[in-house]
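Taken in order, these protein sequences are the chains called A and B.
First residue of the first sequence: 3, per this note's numbering; consecutive thereafter.
First residue of the second sequence: 344, per this note's numbering; consecutive thereafter.
Please keep in mind that the hints were generated in silico from the structure rather than gathered at the bench.
Just so you know, these numbers come straight off a predicted model, no measurement behind them.
Every residue, glycine too, gets a C-beta built ideally from N, C-alpha and C.
Hints are supplied without guarantee of correctness; some may be wrong.
[What the hints assert, rightly or not] Looking from chain B toward chain A, a few residues come up when the C-beta cut is under 8 Å (computed): (1) Arg383; (2) Phe389; (3) Thr393.
[What the hints assert, rightly or not] According to the in silico footprint, chain B covers these stretches of chain A (three or more CB under 8 Å from chain B): (4) 407-417; (5) 428-435.
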Amino acid sequence: MQVHVCVNAASSSRTAAPRQFPPTAGHIVGQQQLASYLEKALDVGPRNVVLFLQDKMSIEDFTMYGGAFGNKQDSVFPNLEGALTSSSSPLVLPAVSWPASNAVIGQLQDQLETSPLYMDPETLSQLRLNASSPALLVFRLPYGIGADLMSAKEVLGGNDEVIGQVLSIMKTQAVPYTAIYTALRPSREAASLSMEAGLGGGRSLLQARGGYREREKERERQRKMMEKSKVYAPVEFKKDDSSCILLWARGLSVSILRNREWEEHDLTPSTFGDSASVKLHGSECDKTRARLVLNYEKVLGHNSFKVVFAMSQRYYKVSARRWFTLDAVELEYDGVKARFNGSRNIYAPAEYSYRCESVTNFRWPLLFPWSSKDPAIQWRVSFKDFQIQGFNVSGGDFSYASDCAGFFSPGIWMGLMTSLLMVLVLTYGLHMIMQLRTMDRFDDPKGPAISVPQTE
Amino acid sequence: MLLEWMMNGHAILYTGVTLAFWSTILIIGICYTIFDLGFRFDVAWFLTETSPYMWANLGIGLAISLSVVGAAWGIYITGSSIIGGGVKAPRIKTKNLVSIIFCEAVAIYGIIMAIVITNMAERFNGDTPDTIGARNYQAGYSMFGAGLTVGFSNLFCGICVGIVGSGAALADAQNASLFVKILIVEIFGSAIGLFGVIVAILQTSKVKMGD
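Okay, chain A solo, but in the shape it has when bound (with noise of 0.2 Å):
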């Protein structure tokens, strides 16, 4: 994540001091460098350095306020510019990451030896300078606190006379010095979409909300969690050097009853990732079957374990194309076999991968055992964010995934059916009311009033 202050540092003195290099554009200086540059700034240059501090700033302020599109009369920053212009070392560094910005301060302390005088334009005046000892002004500027624009061009112009007016006292004073303007945090930062849109899972809500250090918060958070789902490549089955047959999942794990206690063993780490030790022996797959075995060692006691996909591709006619189906989750170990049927629930168009959030036998089931009296009873397997193909694969991706969460569920299609109902008996009842008129046969409007007596 990128964020960047500005820098903007110009020397008074005529003398020849060295003229630095801006940085290519595009590149953020960090500290180092930023060491670097006051270093060689202060070596020759004046050690008096007066350091205008502003609470946020970025570049975009100075494209926005600083007359760039040849507005040059609306520019907030008059004095900036001819301090800048009139330096004869000036120094623009467009993009610091703010850590760098931040700690300016500390290193200017150490590279002066003397510690930092907070000041503002009324105690500078009365401020003797001396252009052997060295000496580090420091002014704090605001900010707009709000996102209102208007406050922001503002308190801009009111730092940029703030600036001038310093910068005047200096010059009478006929004290070389070096200014310098920077900020402690940035004030906008450029949203990186790369490293969002590239790790996979980190998807941000781009409205601003809240403001700045929400967005922070945000992206902290969402940097722990992809750090957590680490990214890592499918188990793929290759056959003749092409894939044949992939399977991803955040989590993989299966549990036995024992002792009426449920232990569980996550073979996640084992099957995917760095750590992966999981075999492919025993699969294999041809244009309608598909077999994945997944070979462990010591799960759970048992010295060695399979689990087995076996899916079958074919021809429906009803619906005019091919599906394949996930027909059985076998799970093996010492001769015995626990088979759960997949066939009723996970399926898919054959040139498509099939993906689910969760594929489980025990929560919203879409595993079930093969028959009443199966192994499988006593087992409970869950995959969380499950993907699998097994026919139709090119390279080394999924194809399109469909979903096992469509866009309507039964519920909606439900309460659809109702509502519609419903509306239509409205619709028949407005008819109805609509259509009923006042008696109107023996209105006249010329005659006289109806008058109802009170009285016989």
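Could you slot chain B onto chain A? The hints should help.
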């Protein structure tokens, strides 16, 4: 002139409802086509995932409500004629109440069927198509079908008897000998409501909801 036609309340209502309905269907259809999600259009999924309870209760609701609509419609048509005709010929009042009774019978058929169907709705344990079982699905759909059958039959029967009864009342007011013949027409009209009840009973005869 189009504007005048549009200003008619009925036109606005019906264009509005039709537009909403068809545009929803069109947009959903277009979206499914564009994203190549046509394979997700699965009628079998809809029929097996929606609960049999919904279908059963819709049937019960439709049975009684449509029957009552038919009866009400018939009664108000006949009733207004009888009352209007009775102003000049008071003798028709008592005799023509039989038309009202024919209309009311239609509502009685409706409520009887609704109670019969309600008694068939039982609890069952099962939340997936496999565990619910074919028999419960059949029960749900049969109840829906029976409710629909009896409801619509009674609806049209009620309207029919109402209009005929209204004619009978006015004819009777003119000429007292006409009434008995017109009553035959009403009896035929009433029979069609009975057909609906018989068919509905047949539909629900095999219903057994439960585990």
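Numbers of unmet hints, in rising order: none
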